[in-house]
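Trainee: Going down the list, the sequences are from chains A and B. So in our numbering, the last one in the first sequence is 531, and the numbering has no gaps at all. So in our numbering, the last one in the second sequence is 243, and the numbering has no gaps at all.
Note that these hints are calculated values from the structure, not bench results. Ideal Cβ placement from N, Cα and C applies to all residues, glycine included. Hints may be right or wrong, so weigh each one.
Not the full set, but computed from the structure, chain B residues with beta-carbon under 10 angstroms of chain A [claimed, not checked]:
1. A48
2. H78
3. T80
4. R158
5. P159
6. Y178
7. G181
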Amino acid sequence: MLHTGVPKGVIGTVVVVGGGSAGWLTACRLAAQSISRGSKLNVSLVESANVPSVGVGEGTWPTMRNTLRKIGIDETTFIRSCDATLKQGARFVGWTDGSANDAYYHPLNPPAGTGDVDLSPYWLGLSMADDKATGARSRADGTSFADWVDYQSALCDAGLAPKTITAPEYGGHANYAYHLDAGKFAVLLRDHAVGSLGVEHVIGDVVSANRSDNGDIRNVELADGRILAGDLFVDCSGLSALLIGGVYDVPFHSCRDILFADRALAMQVPYQDEDDPIACYTVSTAQDAGWIWDIGLWTRRGVGHVYSSTYTSDNEAEAALREYVGPAGDALPVRKIAFEPGHRERFWQNNCVAIGLSAGFLEPLEASALMLIETSLDALVDRLPQTRSAMASIARQFNETFSHHWQRIIEFLKLHYVITQRRDTAFWRDNAAAASIPEGLQERLDLWKHHSPSPQDFAHAREVFSWPSYQYVLHGMRFGSDYRGKPATVEFATVEALVARNKRIRVELLSKLPEHRDLLRAVRQHGLQRV
Amino acid sequence: MSTVRALRRADHATLCFDRTVVGAEQRVVQIGLSELVFAAADMPLCLAKDASTGRFNLVALVGLVGPVNLFVHDRRFHATYCPRALQLSAFRLDQNGVAGLAIVDDDPAIGTSGDPLFLDAEPSPLLTDVATALKGLVADIGAARDLVDGYAADNLIRPLNLVLQGTDSREHVIDGLYTIGTEALMRLPNDEVVRLHRSGALGWAGVLTASLAQVERLCQLHNAAGQQQLRIKRLSCDDGLGA
Chain A
1 MLHTGVPKGV IGTVVVVGGG SAGWLTACRL AAQSISRGSK LNVSLVESAN
51 VPSVGVGEGT WPTMRNTLRK IGIDETTFIR SCDATLKQGA RFVGWTDGSA
101 NDAYYHPLNP PAGTGDVDLS PYWLGLSMAD DKATGARSRA DGTSFADWVD
151 YQSALCDAGL APKTITAPEY GGHANYAYHL DAGKFAVLLR DHAVGSLGVE
201 HVIGDVVSAN RSDNGDIRNV ELADGRILAG DLFVDCSGLS ALLIGGVYDV
251 PFHSCRDILF ADRALAMQVP YQDEDDPIAC YTVSTAQDAG WIWDIGLWTR
301 RGVGHVYSST YTSDNEAEAA LREYVGPAGD ALPVRKIAFE PGHRERFWQN
351 NCVAIGLSAG FLEPLEASAL MLIETSLDAL VDRLPQTRSA MASIARQFNE
401 TFSHHWQRII EFLKLHYVIT QRRDTAFWRD NAAAASIPEG LQERLDLWKH
451 HSPSPQDFAH AREVFSWPSY QYVLHGMRFG SDYRGKPATV EFATVEALVA
501 RNKRIRVELL SKLPEHRDLL RAVRQHGLQR V
Chain B
1 MSTVRALRRA DHATLCFDRT VVGAEQRVVQ IGLSELVFAA ADMPLCLAKD
51 ASTGRFNLVA LVGLVGPVNL FVHDRRFHAT YCPRALQLSA FRLDQNGVAG
101 LAIVDDDPAI GTSGDPLFLD AEPSPLLTDV ATALKGLVAD IGAARDLVDG
151 YAADNLIRPL NLVLQGTDSR EHVIDGLYTI GTEALMRLPN DEVVRLHRSG
201 ALGWAGVLTA SLAQVERLCQ LHNAAGQQQL RIKRLSCDDG LGA
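All chains, please: the whole structure from these sequences, using the hints.
Mentor: Take a look at the structure:
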């Protein structure tokens, strides 16, 4: 038999349904990979002109640097186009006991010695003496775990950028991610996808999907009658989940019994003065029935209240948000978003993959939404099925991997609520109740009373939240661990050297790095070099 | 730390400028485009980032370890060509100063020997010459920066890996320097190669990369000074996969 054109069964056309960050990132990654490998994949993206993007995901992980590099967007363009700022971690305020000075950092740098020496027991060992005197697990001089094992929280406190203007794009002296304007990000991605990567942009409302005998989606039909055929369909239609939910009815697995938040109120707060400092970390401040995020962009702050409708009313939540923002927010509108925390039971069904909100959403704590999109795309693009016959096994791998990731993210987010000492409201009391704690998390918490979180505690080679993150949160929230590193050992000498080195780097960087806004101003004016 | 002050008759009337004197405490000097071929006769030419803008400047390497200008002996510059920025290091352009100049107080070229800055309490013709030369240098450095911006736009710039080793086996990493990636040049599309060639940028790129052979000369000068002997352990551009 002679073949003409694309051989039967070959994945030659991908249709992305839905714009926004998820859709355009998907289109960019697929098209960039196709250009890089010369695979001549046709990528189309169809989005409605009538459905606004949810656009809440304004915090990224450091992985975004690699994602942007892969799709060929330079960092200068990204920072300028998206009002982006550099994020070095998160500061959790009021999560441990709600007292006046209750705050800790979860920096993006891993602890010093990662892979060689675990500093965790030694920090706890140093703290013991102080426990008796002060009742606190920090050292008497106030050195927190994050401060002892790394220098990044000092940079955050000082309001310094993680890099200088002479650093190459996507490189820095400390690990960093971004805060960004999600609406502008989608526009940048769209322009890049269409202008540079050859993605076909279709404006239209998907009204139905036609399926083949094997259940695959053959094409989607738009309201104006146009038909978009494809070999693979990526559902980036957001919470409406047009394909994974609407066509395949893949069950949605709610996790509201674990993570209680199901509402968000978002507000955009302009700076009082154009030279106001820009925080280089997310501030997450605990509230009576949730928490408030506060992130700094170039021209404004993004502030929002995530809460549980079971424990507070919308009006009370808005009042709490307005009290947090103060007079600067008096005349500002608040946008309300309702969501059901959870995820699909499967993310890849037949020839349809769900990426973004269509796959699920938990809550914005620890900024996992964009990261999950990137991780999904890594899995999809790196292992894009070449033929339909290869799709079933790749889909099975994908579903297993992401079922695991979602469970682990749920557990990590729940950790923040479980180990709190707050008992001042029903929200916090119920969060700590055993019935709401996943079995796997409880098992690990029991283990971590006696052992430091380590790579062996996690089965998956590429955990999205691994042991360094657990160490920062557990020690930041003064989790009651009883293991201690012994001084005057061979390993302790290494520990002391690492801590001393950390101090030297901190001193050097505190004198060397520019203020965050100054760095961003320089980037906007002069740009970053590629090398 | 040097103090730069606007040139004033009241403060500087008795000072002289000795144009044969060059400061010895400098490792890198910025050069203009017109100096490129001359400087390459003596010293390695590289690119280095401006600390306040991050943009690349064209620089000549005149030292290796520490702020020591290896071409300077007894306050004189011993080479075929002396970069103009070194010749004029005692002065800056300053609209508030006499002749539009400022003076670097502790520059070794400024003192009691040489040509007087003021004659009979009036600015000497020397000052006009210096101001003209400085303006020319600024424009020439601007031209060099434009050239280098073009290299950056073509993604041709790569970090320079320069590692020296002393007789005690200690390594000295000279970082913060960049050069033109030869592999990156090879990968340029034909049209861009022709464009670079016709603009002169391709030829200058060749001069830049060839000048790196002068690192060996710097080592010789360093070793001849009787200090710990150095040898080149690694001298290459980080051209791997590019940036």
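Trainee: With reference to the structure, classify each hint as holding or not holding.
Mentor: Status of the hints after comparison with the structure:
{"no.": "1", "hint": "A48", "in the structure": "9 angstroms, holds"}
{"no.": "2", "hint": "H78", "in the structure": "32 angstroms, violated"}
{"no.": "3", "hint": "T80", "in the structure": "31 angstroms, violated"}
{"no.": "4", "hint": "R158", "in the structure": "6 angstroms, holds"}
{"no.": "5", "hint": "P159", "in the structure": "6 angstroms, holds"}
{"no.": "6", "hint": "Y178", "in the structure": "6 angstroms, holds"}
{"no.": "7", "hint": "G181", "in the structure": "9 angstroms, holds"}
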